[in-house]
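Trainee: In order, the protein sequence lines correspond to chains A and B. Residue numbers for the first sequence follow the working numbering, so the first one is -7 and each next one is one higher. Residue numbers for the second sequence follow the working numbering, so the first one is 62 and each next one is one higher.
Calculated directly from the structure, the hints in this document are not laboratory data. The beta carbon of each residue, even a glycine, is placed where N, CA and C say it ideally should be. Treat the hints with care, as some may be off.
So the derived label-pair ranges between C-beta atoms look like this [claimed, not checked]: (1) A:Pro88 / B:Met190: 44 to 50 Å; (2) A:Asn446 / B:Val473: 52 to 58 Å; (3) B:Leu799 / A:Ser254: 47 to 53 Å; (4) B:His287 / A:Pro20: 38 to 44 Å; (5) A:Cys182 / B:Thr381: 51 to 57 Å; (6) A:Pro20 / B:Val863: 57 to 63 Å; (7) B:Pro328 / A:Ser254: 24 to 30 Å; (8) A:Ala84 / B:Arg194: 56 to 62 Å; (9) A:Ser357 / B:Pro328: 42 to 48 Å; (10) A:Leu190 / B:Leu327: 53 to 59 Å; (11) B:Gly272 / A:Ser447: 28 to 34 Å; (12) A:Val5 / B:Leu799: 19 to 25 Å.
Capping the alpha-carbon separation at 30 Å, the derived lysine-lysine pairs in DSS-like fashion look like this [as the list claims (entries may be wrong)]: (13) B:Lys248 / A:Lys216; (14) A:Lys134 / A:Lys95; (15) B:Lys248 / A:Lys214; (16) B:Lys311 / A:Lys461; (17) A:Lys461 / B:Lys322; (18) B:Lys303 / A:Lys461; (19) A:Lys348 / A:Lys36; (20) A:Lys231 / A:Lys170; (21) A:Lys170 / A:Lys95; (22) A:Lys281 / B:Lys246; (23) A:Lys348 / A:Lys233.
Here are a few chain A residues that sit away from chain B, every Cβ distance over 10 Å (derived from the structure) [said to hold, decoys possible]: (24) Asp301; (25) Ser434; (26) His441.
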Amino acid sequence: MGKHKYRWVLGFVLLAVLIGVPLALFLPGPLVKAMKDPWASAAKNRTHLDHSAYFTKPFKTPGDVTSACLECHPNAAKDVMKTAHWNWEGDAVKVPGHAVPVKIGKKNLVNNYCIGIRGNWSECTACHIGYGWGDADFDFLKEENVDCLVCHDWTGTYAKGEKGLPKKEVDLKHVAQKVGYPRRDNCGTCHNSGGGGLAVKHGDLDHTLVNPTSYIDVHMGKFKFLCIDCHKTKNHNIKGKAYSVSVNHENGIDCTDCHDASPHIDQRINAHLDSVACQTCHIPTYAKKAPTKIFWDWSKAGDPDRKEDVFTYQKNRGEFIYQQDVIPEYTWFNLNAHRYLLGDKIDPEQVSFINKPMGDITDNSAKIWPFKIHRSKQPYDAINLYLLQPVTSGEGGYWSTFDWDASLRLGSEVTGIPFSGQYDFALTYMYWPLSHMVSPKSEALKCCHCHGENSRMDWQTLGYEGDPKKTGSRFQNGLNRN
Amino acid sequence: MRNLFKLKPFITLNMAIVAFMFVLSTAFFPGLLGAAPGKEKMEHPKVTLLDKDGKPVPIIPPGKAKPQAPPSPANVDFDVTCGQCHDTHYIKAHNSHTKPYFNENCTVCHFKEGNATGDPSEVHLQIQMPSNRNCAACHGLVQLCTDPLIIPDDYPRQLYNYLLTQNTGAIYSPQDLSQSALNLKNKEELHFPWDAHAMRQMTCVNCHSAGNDVFFDENNPAALTHLTRDPRKSKSPGEILKRPDHMLKKASCTSCHDPFKVHAFLPYKKRHLDVLSCQSCHVPRLYGPAFQTVDDTVVTVSGNPRVEYRGVDPVTNFETAVSAQYTEGYEPYLLPHRPAPSQNRQQGTGTGTGTGTVTDLGPAAGPVKISPFNLVTHFYWKSKKTEKRVKRDTLLQVYLDNGQYAADILKVFDKNKNKVMDGEELLLDSEEKINAVKSKLQVLGIEEPVIAGTVRPYSANHNVLDTPHMTRGCSPCHGAGSQLGREIVLSRFIPAGIIPELSTNGLVLTGRDIAVDGSGRLVLTKGDSASGRYVFGHSRVRLLDLLGLWIFIVVILGILVHGVLRYVFSLKHPLHKPETEQIYMYGFYERLWHWTMAVAVLILALTGLEIHYTGGFTFFGLSLAVSLHNILAVILVLNAALSLFYHLASGEIRQYFGFNRVFMKEVVLQVYYYLYGIFRGHPHPVEKSVERKLNPLQQLAYIFLLNILMPFQVITGMMIWGAERWEFVSRSLGGLSLIAPIHNFGSWLFLAFVALHIYLTTTGHTVFSSIRAMITGFDEVPRSEALKSHRYMMDMNMIDLVGTIIRKAKEK
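In isolation and in its complexed conformation, chain B is listed as follows:
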């Protein structure tokens, strides 16, 4: 019997029935049926109340009510009463709200707050679809339009009455946060409602509805792919009235919203929607007091556990009303979640997710999606022998004596000897304290009392915010501030040093554990939260990153050293200054495609850098950086294609691929020039002319760049861009996780090339002559005679040539 009354819902039922009987017996006023114009007419026909034997229940007429008479809930049997028209056995068998959490009958959900009117023989019941108030009786805080929102006093204690708010911090209210009576940070600026759907007058049952459509939807679409609905299964309105299904469907955003119609600004729309649940972005912050730690190993003076809320400043005086505690709210944690396989259609999940949503028949296990969660840590005493939790009543007897702390408890807990239990003292952080409580528990009959703990996740699905507050933007996932995989604080304090058990409940937390951090807080350790997906700005292959950066830095250093040396030596050895002539070296188109390529590459590099290091440095913002990157990529490819055509059609391609028979020697000479000759003021070994604009090293470099690196970057880039529409990209080659780091490494090589390229333009006739040539087209080239001295070296064979060089070096 005790078990029955332990559960608050049953007491609520009790109260509902009492209210109902009270109203019946004392209120004899005309019905509210259609009395006020414009108000909703009540539609339910008159009902005779029956007892369990089917006999009409005598109604106590007003005036003869005995206020002292105990309520007798057994009198009216609603299964029989409602069963006059509705098949209550069927309904009970097809109901998501089941034992042991819910042992109610029709009244709790379907009565308008126990209101009833009528004459003694028949009763007009204000029966309706469940309103928000009906759901709120158990599920939590619900608020109407005008009265300033307040958190009830029994909030910390009643673990079954405010599930929605306690577990996630969500409050289903249409009111603006600024109009509530809570102590919110910057409250006067919070001009938006707690929940956008509540604001727009959606009721709980609008989303959490049962499948009573006249047209029956196939609820296992995978089984019969050729059908979405089977009209043979449709019920007539009469059949639905008689046997209404009460299995609440899983609330789904897409039953009303089509995300592909909006989100125009979002690149990779399908990928985002595949990976993220709607709530990840649309429930950015929860402002209600969500449980963070519930310490049921101790008891406050008013009989509550010691509770700390997320986003709420912890208090030292535990009698402070929750509404008065300074609240900033918190951002729920983005964690990967695989929804559990649905249970038998007869039962709800009863998994204690606390939000009351229930899956109906669905696929065995859904795909992993990132969703926002709160994690609640719960410490409690239990008997090691019987595995049963110690009840709060027992604990009250241990700690309290006549509304005050028991003297022996206070003696042990009161560390600073001020005869009062201060905030931080109410914690089992010493052997002495633990033993004191333990012994008292044992006296009360608990065998082998131990402290245990659990950490449970609760998904945040309510408090969807309205435009323009609704989303979290890109930064929670992309970039330096990425939340994915970050360490999460579970509890500020840990009684008895107990590490609680993690009840994952579908969360995919591979590689993550509960641990204690440096400052003694309980945390969920870091890990990969992106479930294997590549997240731009957040994911990276450190090795390739470092290698690329290292290559780039080496090149820069080399440039610096080379340049400084050139300068130093130019003071000692004046530059070789042959006679020069101005030649029209570079045609108009040649210069155009070169600079188009240059600008495109620079912008691509800059935006690519920003995408890779989102948040680390911000130039355009991720969204604009991606758009710019895509557009410039197309410009680059078109430019490259046109220029290839030009080179082929005009024959200029031979500049790159023209290898004369002394090519390798020229390479050697060129290397010798750059490493030695340039400092000595030697002339260029290979003369530049309109027929031969590229020195041999240039030829090699550009062949590599334009035919290997560039196509490589373009192809990997295209694959990244097309990862959304071309499935094979994600599936093959390791998907983005491989392609993106390679693309990144290629870009480091490109950057290194650009640095080197720009530097080498200074090795022309004068420091700026080459770059000026590429702008104006006119270059200064030495007259051919000056290079005669080198001609004879070209006629040597390789071995002699090398020998000559070495000899000459030794001479100098």
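Chain A with its partners taken away, still in its complex shape:
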């Protein structure tokens, strides 16, 4: 009797199994397949420690602040010194068209905005995360030269001036007491003012991202993301690659870091993902609120009689064109790019590319990406046929003398690129792939934007016979060989 008394419990379990198992097996499953949850990779919480108690005495020099930080964070400076934010150059890479791998970065590259920093260190390094880089002999190994405050300041009062030193008015103790994880204004204080002004450079990255609406950027506006939520950082190694100074995607960021690879319910849209990047449809325009510079003609600089205006003409820079709510230009991109290095020959009759994206319709790993293309006319050596880097803000540079010859000579000395004495201005393009200013999904491009009458896509230039909706995809047409 004793053993049998509780057999009913077994029976109950068996009953549950008899009913439950068929239900589990045969009840129809969810209509939509389970997808990767983007929030799974998102930062759940951020830690913040109030540093007020740690700093009680005023600091004499900015380096003292760094030393104080290093007392509790001893490895921080060493970690920072491994990064491109500090060195302004990366590890040696093989640049297409150049035999020997080189270390490239903002330190030694030219662009088609302010062109180059060499000789102009004092002004340009206001955006260096260090103190005192005023010439070629800056000590990159001295830990006290690291500027902790620019990224970690929460007061909003920290500002840097010449050679990256904090401005006189800054109360270092007050700033040190209020440090925390980097927020939008920390990154933005430099990155939003690239090119020497608001919203000049990137097109998709400007001061409107500090407090954006959902329409401007859905991650930052609607979901309150910080830069560091996508640009994840461990030991000061910040993920993310900028194609202004890099040629590959190592340590880069992908949308699929958080999002499912086939996130659309609509199969037809998912069928585009082999050839179209996420950004193409989800960033329908850039420079949504603040106009960005799209053309910079250096050759017009130096006219003292012209009226100056930040958006049209400045004597020391030349003539520009700004545009707002710009439709991107589209081309194939496989996340590698060419890079113009000083000394490379150009053909002044043709457009020269500072950083042409690699990839074409036959490349399986290439997709159609949206770009801001910045067009510029910048100085080149008319005899040697290569681009020149003038000294502009530096001593004796163009911005003080308005003398191209002199400033190009100075530039030649500091870069080591010979100057023949004859110069002219060549048209250059620089490609900026867009990943910021992602619109809410209701604003994403629809079929008619690319496949309709006023298409954004130039099918022939992309390599298609015609609109792929009619002629078929590149895979159907056997265009991809590798």
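Given chain A's structure and the hints, the job is docking chain B onto it.
Mentor: Chain B only, in chain A's frame:
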């Protein structure tokens, strides 16, 4: 001549030709041929324009154009011009767009909006397959990607230019509703396009195409069942170019979609697809302004009829732009429709369905399918004598005088004497008003003017919505909120109380009529819209429903009364408490199959109740309820089968079918016990033992339940489940309409049984001893000695027994 110019399409042609001539004469710019990279190259070769005699038409070179010269459409004869390569006589004879609605030539459909370039001697025409804009010239609102959609000002007036939108509310546009310029409710949340096909860049001709395949499809498959296509009839590309068929095929969803490949979630897939047209679910809501009432008996100041739109708040100021009127959209009405037999292949249907679809040769009359419709009510004046409609121009003369209302009209209409025609006043709702207008019409020469009306249906086939907005779910048909057969409001107001004529146009509206409801609105009365099909949650046989419910309620009441009485009497007469012993009464398997059966029956009853009363109470939702019902049904049948095997193999079956010779007496005693003895605390008349677990009434009940009711429910249930795959079910026994109500009635009996069964378990030794026994297996039974007193009653014959009982009752 007047007739020709009355029709807007002809004026459009006029304008097209004018534009064409204008462009020719003034524009002398290089062709757009392949100029811009990436743009479509124009393919049509150069064409010489000819007049009707075949002579080249002199082109006026630029600079010498006379802007004052009247357009002369007769100059260029396109039949002759295009006839240089294409057999225009053949094309005209094989064209769905025919007189009298359409009297056009090639240009209206095939020119790129009248664009033309070229030098004086030859002309490069931008000739192409008809684009959406070409169709829109007559058929209605079509929109490109970017410009916010707006309803043109002449929308209420132009009854032939916006047919698609006016008759159904559909707008063929790829744009999101949220980007339109219309006054839509919750517009900022409507992030989906007007039409999914438009969004995906389908043009009108992608669906409404003519049959010019190189491989000829048999268009009457019923005639030759062994062939789907006859390759001998295939035309070479040259033959097609010369004699292209212009009979637009009936647009069919299945020419691109295979509904059986999707709809995995849908039970009864084939039945649904047989009964419902695709549009029933996929055109759930139309947001454009669809006509509800067009009152052509009156005229607004701007010369329009008084129009009310479905889903749009009615306005009192009729000059309000349609785009500004607050729109919620409406759900089209699901009505059964039998497509009309197709006409002669030479003609279109011209039935005024207004959507322009035309059937080609097909079966005589299709099956009845439920489709979504809009119903438009149209009131107008006509002459009783000549049966001709009074033209709007005439009506304008009656009502208006120099752009204002005529003084005599205003005097009669202006009820509140504020010298202005207010919204609600513009309605012929009094004898005075009617007579005023009538007399003026008679003055203008209309003989015997009377008001007439028609109600016409228009099927909604466009504005197929995209995932996830696309379907209406189950509730429009299944359940308490079912639309099928509901009363439909046709018009909020009725001029002169006239009941319009219903032009069914293929709608199957048996038993439904146009009537006026309590609040003076014109309605289509209720009726059966399911065309005889049984719709779960909506159809029911009231009689069986009520009978079953009544039986159930009676049982519940009986239980309540019995239980209360037992309690009351137990206070007076303490329960008979014999000595008891614990016996292992019910084996493990016995209990297992019992409870499996119990759980299955309960869930089946619950889900069945929800299926029957979908929407009335929601536990699982219809879809989940059906799935659960099916799965549990299988579990129940398997359980029953295994248990039958067990009973047969172990011999336990004799518990049910063992009838001793005193069985009937035992029945009587048992009944006596339940109706009397139990209150008095008598012992059970038949002792319970392992050999005999069931009292005689139980035996009878279970035999009925397990051998009649249960198989009955199972079989009818299986037939319902198999109605889709087993044709004979639908055809025989009256189909689901008979089987389902019977199944439902059986379930009421089952429910009644369950209630009674649970109650009767309390009649054991203690209130819970029986149920505890069925869980643990151990039961308390009185020792055999206690029942000795009843043994001698068993040995009596029936008559004596009854007599004894009566005597004993009298004694007490």
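Trainee: It remains to establish, for every hint, whether it holds in the given structure.
Mentor: Okay, the hints, checked on the actual structure:
As the Cβ distance of Pro88 of chain A to Met190 of chain B is approximately 45 Å, the hint placing it in 44 to 50 Å holds. Our hint of 52 to 58 Å for Asn446 of chain A and Val473 of chain B holds, since their Cβ atoms are close to 54 Å apart. Distance hint check for Leu799 of chain B and Ser254 of chain A: the Cβ-Cβ separation is about 48 Å, which falls inside the suggested range of 47 to 53 Å. At roughly 39 Å, the beta-carbon separation of His287 of chain B and Pro20 of chain A lies within the given 38 to 44 Å, and the hint holds.
For Cys182 of chain A and Thr381 of chain B, the Cβ-Cβ distance of about 55 Å falls inside the hinted range of 51 to 57 Å, so the restraint holds. A C-beta distance of roughly 59 Å is found between Pro20 of chain A and Val863 of chain B, which places it inside the suggested range of 57 to 63 Å. Separation of Pro328 of chain B from Ser254 of chain A is about 28 Å and conforms to the stated range, judged on CB atoms against 24 to 30 Å. At roughly 59 Å, the beta carbons of Ala84 of chain A and Arg194 of chain B sit within the given window of 56 to 62 Å.
Range check, Ser357 of chain A to Pro328 of chain B: Cβ separation about 45 Å, and the 42 to 48 Å hint holds. At roughly 56 Å, the beta carbons of Leu190 of chain A and Leu327 of chain B sit within the given window of 53 to 59 Å. A beta carbon spacing of about 31 Å between Gly272 of chain B and Ser447 of chain A agrees with the range 28 to 34 Å that was offered as a hint. Remark: the range hint 19 to 25 Å for Val5 of chain A to Leu799 of chain B is contradicted by a beta-carbon distance near 42 Å.
Taking the CA atoms of Lys248 of chain B and Lys216 of chain A, the gap is about 25 Å. The hint holds against a cut of 30 Å. Taken as a hint, the Lys134 of chain A and Lys95 of chain A pair is honoured in the structure, with Cα atoms around 21 Å apart against an allowance of 30 Å. This hinted pair checks out: Lys248 of chain B and Lys214 of chain A have alpha carbons roughly 20 Å apart, not beyond 30 Å. The hinted pair formed by Lys311 of chain B and Lys461 of chain A meets the criterion: a straight-line CA distance of about 24 Å does not exceed 30 Å.
Only pairs whose Cα atoms come within 30 Å are accepted, and Lys461 of chain A paired with Lys322 of chain B is accepted, the gap being roughly 23 Å. Proximity of Lys303 of chain B to Lys461 of chain A is assessed by CA-CA distance (about 28 Å); at most 30 Å being required, the pair is judged to hold. Using a Cα cut-off of 30 Å, the hinted pair Lys348 of chain A and Lys36 of chain A is violated, with the two alpha carbons roughly 38 Å apart. As the CA atoms of Lys231 of chain A and Lys170 of chain A are separated by approximately 25 Å, the hinted pair is consistent with the 30 Å bound.
For the hint linking Lys170 of chain A to Lys95 of chain A, the alpha-carbon distance of about 36 Å lies beyond 30 Å, and the restraint is violated. Taken as a hint, the Lys281 of chain A and Lys246 of chain B pair is honoured in the structure, with Cα atoms around 28 Å apart against an allowance of 30 Å. Of the pairs offered as hints, the one joining Lys348 of chain A and Lys233 of chain A holds, with about 15 Å between alpha carbons and a cut-off of 30 Å not exceeded. With a minimum CB-CB distance of about 31 Å to chain B, Asp301 of chain A clears the 10 Å threshold, and the non-interface call stands.
Non-interface call for Ser434 of chain A relative to chain B: violated, since the shortest CB-CB distance, roughly 4 Å, does not exceed 10 Å. The non-interface label for His441 of chain A is inconsistent with chain B: the shortest C-beta to C-beta separation is roughly 6 Å, within 10 Å.
In summary, the structure is inconsistent with hints 12, 19, 21, 25, 26 from the numbered list given earlier, while agreeing with the others.
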